[in-house]
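J.: Chain residues, written in single-letter form:
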Amino acid sequence: MRYLPHTSEDIAEMLKVAGAADLDDLFSSIPDDCRFKGELNLPEMTEWELNSHMADLASQTAVMPEYKVFIGAGSYNHYIPATIPYLINRSEISTAYTPYQPEISQGTLQTIFEYQTLTARLLGMETANASMYDGASALAEALLMAIRIEKGKKKTVAVSSLVHPMYRKAVETYFTPTDFKIVELPYLADGTTDISGLEKIGDLAAVAVQSPNFFGCIENIKSASDKAHNLNALCVTCFTEPLAFGLIKNPGSQGADIVCGEGQSMGIPQSFGGPGLGMFASLNKYVRSMPGRLIGQTTDLDGKRGFVLTLATREQHIRREKATSNICSNQGLCATMSAMYMASIGQTGIRQLAQINHDKTEYLKSELEKAGMQIPFKRAVFNEFVVKFPQGFETKYKELIKNKIVPGIPLESYYPDLKDHYLLCATETISKSDMDELVKEVKS
Amino acid sequence: MSKEISELVFVDGIKYAKDHEWAKQEGDKVIIGISDYAQDQLGEVVFVEMPEIGSEFETGDEFGTVESTKAVSELYLPLGGRVAEINKELEDDPELVNKSPYEKGWIIKIEPKDLGELDQLMDKDAYLNMLKG
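Residue numbers (my numbering), protein chains in the order written: chain A, 1 to 444; chain B, 1 to 133.
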């Protein structure tokens with residue numbers, strides 16, 4: 001978007017329209033003690049000095065393509081087709097705000113409707129909403145939705161310890177002011193969730209499992225959902241890498257009731273951790289408990305197809321006190337990028353790309369194993385996996401970063417019992433020579 | 001477009017509450033619905049949220065919601081009691097509330113705590129007077 005500063009003439013003209021004498025008069029409704037006094041602490045720089053300062057700051061971050069980054073952990077470096085940045089920067093898309101009025105926003109509404117359709121198909125679910133903030137808040141919303149479906153009679157949710165640690169933090173934040181309880185499920189030696197203790201948890205509203213999980217392992221969603229349903233609880237599944245569903249069975253086909261996760265993989269740049277795209281889908285019968293907004297298809301008085309914001313009555317702009325979520329900003333742009341991505345590469349493309357991601361990961365995994373590294377979890381993985389490096393790898397890790405290779409993230413801070421364990425990722429953007437170089441460096 | 005009051009249907013022998021619900025005795029139970037005026041104001045009803053059978057409410061408690069294409073309204077119980085039956089047909093066909101507010105579009109049946117509370121509700125004429133303001 002272009003930055004057009006206001007001239008003093010502009011400001012005078014606007015003040016005149018607003019009926020204010022000067023800027024102080026315009027802001028007079030803000031109490032005096034709430035207003036900032038003094039000068040903003042901004043260093044004086046010319047535009048070119050500022051550009052160079054920003055470039056300096058940016059170069060301190062180890063990112064592709066300058067660095068060879070073997071990190072996924074919820075945010076993935078994928079190739080973005082050139083069509084997407086071109087289309088998304090068109091002003092009719094990038095400036096369109098939340099489409100409350102169908103009579104002026106059919107284009108935006110249809111785009112989001114298409115996004116919902118593609119999302120529901122990818123996840124194997126019956127209905128998808130028009131997106132949440134990100135994967136983590138989507139999971140928190142999904143668990144609150146499960147409690148809503150049970151009409152608040154059951155107050156406990158069981159969350160796998162292999163759900164992304166930051167997603168679990170977000171759930172905790174959402175749950176802290178409520179009287180709902182979170183029970184953490186331990187994990188097994190093969191890198192999947194231990195659901196054997198579920199029966200012992202009374203009051204269970206939902207079970208949340210991530211697949212592929214934080215260790216990259218594919219969980220058995222079918223057995224988790226069967227068990228949840230036997231206990232009259234809902235099965236919520238989340239994901240950080242939706243491309244996986246090009247290859248592995250989607251959660252819908254395995255009995256999940258609510259599916260959510262991060263859609264950043266689908267055409268959205270990593271951008272220092274955000275913005276993300278919270279994908280969210282469920283069974284039709286739960287649609288009225290679903291958070292956020294939905295776009296529906298209808299016919300107008302002349303029988304022509306049209307799109308509308310639907311089930312908007314649960315949204316905060318009609319009945320604030322009954323709102324099922326606090327989603328408010330226009331997540332539509334990220335959803336649009338994701339729809340463009342899915343439409344660009346198509347069903348076959350998603351499958352082929354998933355295969356490439358899978359094969360590269362398997363190659364890196366087996367080469368590291370051949371080089372003497374331990375692979376502690378033997379389950380099938382997608383995109384990323386855990387490696388146990390020899391003791392004292394920290395020194396080597398720092399050395400590698402100096403050489404512009406980032407060999408995964410250490411897991412110890414998230415899982416204290418996993419000292420020397422690192423989570424590595426290889427997407428289609430990692431070449432064979434990158435991987436061979438990493439293996440060589442690690443071995444030496 | 002809303003109808004004129006003269007176009008609306010009001011029925012003898014049933015009682016009206018100020019929040020536009022109606023109540024009608026049927027044996028030892030009381031049937032609850034919303035008036036022709038209320039459905040007309042709401043417009044096309046797309047969903048009726050009903051309570052669970054067996055749940056108990058006091059007079060004036062919210063027992064459900066009616067959602068139309070343009071609004072949502074809470075339903076308030078005109079007299080306290082235990083929910084004995086809900087109109088299952090509304091789950092698939094909520095528009096019955098519009099088409100037949102006093103018959104097919106009934107919402108719940110309750111076992112009232114005190115049938116005498118019926119007498120405190122308005123009859124057809126009193127309700128009409130309230131609407132005319």
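Source of the hints: derived by calculation from the structure; they are not laboratory data.
This structure is a prediction, so every number in the text was calculated from the model and none was measured.
One or more of the hints may lead you astray.
Below, computed lysine to aspartate or glutamate pairings styled on EDC-like, alpha-carbon distance capped at 16 Å [stated by the list, open to error]:
1) A:LYS151 - B:GLU26
2) A:LYS153 - B:GLU74
3) A:LYS396 - A:ASP359
4) A:LYS322 - B:GLU7
5) A:LYS151 - B:GLU49
6) B:LYS104 - B:GLU91
7) B:LYS124 - B:GLU49
8) B:LYS104 - B:GLU7
9) A:LYS285 - B:GLU91
10) A:LYS285 - A:GLU126
11) A:LYS322 - B:GLU74
Pair ranges (Cβ atoms, derived) [to be verified]:
12) B:ASP61 - A:ARG35: 39 to 47 Å
13) A:ILE30 - B:GLY13: 58 to 66 Å
14) A:GLY197 - B:ASP61: 35 to 43 Å
For every residue, glycine included, the Cβ atom is placed at its ideal position computed from N, Cα and C.
J.: Against the structure, test the hints numbered earlier, and report the numbers of the ones violated in rising order.
T.: 1, 2, 3, 4, 7 and 8
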